[in-house]
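Peer 1: Residue numbers (my numbering), protein chains in the order written: chain D, 1 to 596; chain B, 1 to 154.
Calculated from the structure, these hints are not laboratory results. What you are looking at is a predicted structure, and each value in this text was computed from that prediction instead of being measured. Just to be clear, a hint being listed does not mean it is correct.
What the hints assert, rightly or not - The list that follows gives simulated cross-link-like pairs (lysine to aspartate or glutamate, DMTMM-like), each with its CA atoms no further than 20 angstroms apart:
id	chain 1	residue 1	chain 2	residue 2
1	D	Lys175	B	Asp119
2	D	Lys511	B	Asp49
3	B	Lys5	D	Asp301
4	B	Lys111	B	Glu133
5	B	Lys111	B	Glu31
6	B	Lys79	D	Glu178
7	D	Lys175	B	Glu116
8	B	Lys125	B	Asp109
9	D	Lys87	D	Asp123
10	B	Lys125	B	Glu105
11	D	Lys180	B	Glu68
12	B	Lys13	B	Glu39
13	D	Lys407	D	Glu248
14	D	Lys473	D	Glu450
15	D	Lys180	B	Asp66
16	D	Lys508	B	Asp49
17	B	Lys72	B	Asp49
18	B	Lys69	D	Asp148
19	B	Lys111	B	Asp124
20	D	Lys473	D	Asp513
21	D	Lys262	D	Glu217
22	D	Lys175	B	Glu68
23	B	Lys79	B	Glu133
24	D	Lys292	D	Asp480
25	D	Lys482	D	Glu450
26	D	Lys543	D	Glu178
27	D	Lys400	D	Glu251
28	D	Lys511	D	Asp244
29	D	Lys262	D	Glu410
30	D	Lys449	D	Glu488
31	D	Lys175	B	Glu39
Claimed, not checked - Sample of chain B residues at the chain D side, in silico, Cβ under 8 angstroms:
id	residue
32	Ile23
33	Gln27
34	Gly28
35	Tyr35
36	Ala45
37	Asn46
38	Gly53
39	Tyr56
40	Gly57
Each residue gets a CB set at the ideal place from its N, CA and C atoms; glycine is no exception.
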Amino acid sequence: MTKMINLKINDIPVTVEEGATILDAAKKANFKVPTLCNHSDLCVAGNCRVCVVEQVGARNLQASCAVPAAEGMEILTSSAKVRRARKNIIELLLSEHRTDCTKCYKNGKCELQDLATEYAVGDNIYIDLVPFNDYSVDLSSPSIMKDDSKCIRCQRCVRTCAEMQQVAAIAVANKGSEQKISTFFDKPMANVVCTNCGQCIIRCPTGALVERNSIDEVFDAIYDPDKHVVVQTAPAVRIALGEDLDFEPGERVTGKLVTSLKLLGFDSVLDTDFTADLTIMEEGTELLTRLKKALVDGDKDVALPMTTSCSPGWIKFIEHKFPQLLSNVSTCKSPQQMFGALAKTYYAQKRNIDPSKIVSVSIMPCTAKKYEANRPEMRDSGYKDVDYVLTTRELARMIKQAGIDFKSLEDNNYDSIMGVSTGAAVIFGATGGVMEAAIRTAYEIVTGKEVPFKNLNITPVRGMEGVKEASVKIEGCVEDWKFLEGVELKVAIAHGLVNANNVLQAVKNGKADYHFIEIMACPGGCLGGGGQPIPTSLEIRNKRTAAIYEEDMNMPFRKSHENPEIKLIYEDFLGEPLGHKSHELLHTHYTEREAY
Amino acid sequence: MIQTKTIVQELVKKHGNNRESLIPVLQGIVEKNNYITDEDIIEIANTLDISAGEIYGTTSFYTFLDTEKRGKYVIRVCKSIIAVMKGKAEIIKTIENILNIKVGETTPDNKFSLLEANDIGWSDKEPSMLINEKVYTELTPEKTTEIIESYLRD
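Isolated chain D (complex conformation) (with noise of 0.2 angstroms):
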């Protein structure tokens, strides 16, 4: 049985379970403590000084996020003493900051200036020592912007990269008033390891790491009269955009989302989840094609097992840390690019649009596809296969900038054509999501019969464990795959950097027998994204999960292959799976980069 911590918060007698910090133990006596370098997600730090609170009869004030809970503590967190220290606290890091509010992207959404605000900071009395500094703001990368003028040093974002994603692009340089948040050898943000995943713009208190936004291109796009502005969307933004416009988390608002696209003005709203189920046709198949060639051809050279490609994040991953394992990854491009791709061919054409005059902007739940856009293979169609990447984010700013009333608007449907999909697609932006949509379809294929899963509800690739582990025994094989009778296909599961990290290891080591792995950048795959509503946590995600596989149910197709916008564009125009046009518009290649 756990061991019990008595203590008194401000006189009011509470117990916490030993371990338990002085900061959690002020949650429990219902009082609020100021935090900014403390994050559910991520280690203690200790470092910003904001949430100190007194200890009756100890000299100093204390840490409330670092130190744990003792027996007979007493503690204030609001006495004469904590006030004035939490004041100076904040006027000490708005000094080292660059406070000029009204223009930051963040205006608004900064825990700095909440706090600021809350305390009534006015003049400060210490001195601005923004000035003394040589700052210049790192626009090198696609999706992230570096301002370390507005950096106060918490190491959210070191902690992020390091812990959560163990890339660790970014680090603590210097000390002393000298002390930054930067890159190997201060290089740019673009080169370096970076994935782009944007994990760490979610949990930075401050304007100091935003997203590179385009906005204004996007609207300039929309009042072209020359244009036809096509939109996808992916499947996490439609179970978060509510956050950013009075919604609680784990609200759908998947009808809203194509009103408010409607009223801005796109062309045509489509949906991402299109191509995630033709995602599922092209991996699907090659993932077979592997197997046949490992299976029954006795093909040494074949690579497995094979990791998904939806994830830019998680490839730019690979490429760095483990390039000697690209050839497990799938060569389908990600959904976004496949859409891109085939926006301006198969759209264009059935549209009967100029494709020089489609602009094709995506929304996306992720800061990596802005990267992945800007890719120089990613134009297979003539032209820059998606042009502009919105966050969730941004879309929420463009409809509030636009006036629109998101919270009384009316459902709508996606358009057509690209944008009728299943609920296998849907799930793409949980983790598990592209595993259980594949096996949806792949069992099927194989053996003629839906997947032996109530529902089809493929429970044991869902969930927030870091690696999940399962095996599907295939049995009753149609002719074509005699060769799988019998055969155990075993698959694994990761999310978030650090847990496929592990898996790539094993399987690098020869320690891992899988067949097929699906990985996601982010923690709780896309939903958890670095493009999504702030803030994030474990019981925001969860909530998200949840109502990512509502909307899977809610579906009038669950499986991948029986979307009939699927069946129609393999009958006119690709062909068949891996065909030649798929090749050329579908697939793609990766490259090695450094380690560093």
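Start from chain D and add chain B according to the hints.
Peer 2: Relative to the frame of chain D, chain B by itself:
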């Protein structure tokens, strides 16, 4: 200069390939080559499985884990307030004149670098300086000239 790969592998063999070996390995490189290059850091990063960014963070924290090109002999003159009161400026001027370099620079033959250091712990015997790891205290311009000339002959 000893080859990056060889020296890193030797040091890792000596100190172990865990995270805790990082600083001894970096110190070993400085001992052999006087400063740490970006190739050194990349090699260590690959061997110890620590990100190059984190290793740069470590080297940038410690003055003595130098990442700028340095000569065979690194002269560090103490710049504490007591050293200043006791005539540190004269010592610097003396060295600058003999070696024909300014503070922060290295001689063209890569033999000497001249730097200033925060308090090196000899406040009762200022002015003081370090040449690599050897301490010289109660310096006068004459004494300093003699010391530097002995290194010049080396």
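Peer 1: If you test the structure against every hint from before, which numbers come out violated?
Peer 2: 3, 8, 10, 17, 18, 19, 26, 28, 31, 32, 33, 34 and 35
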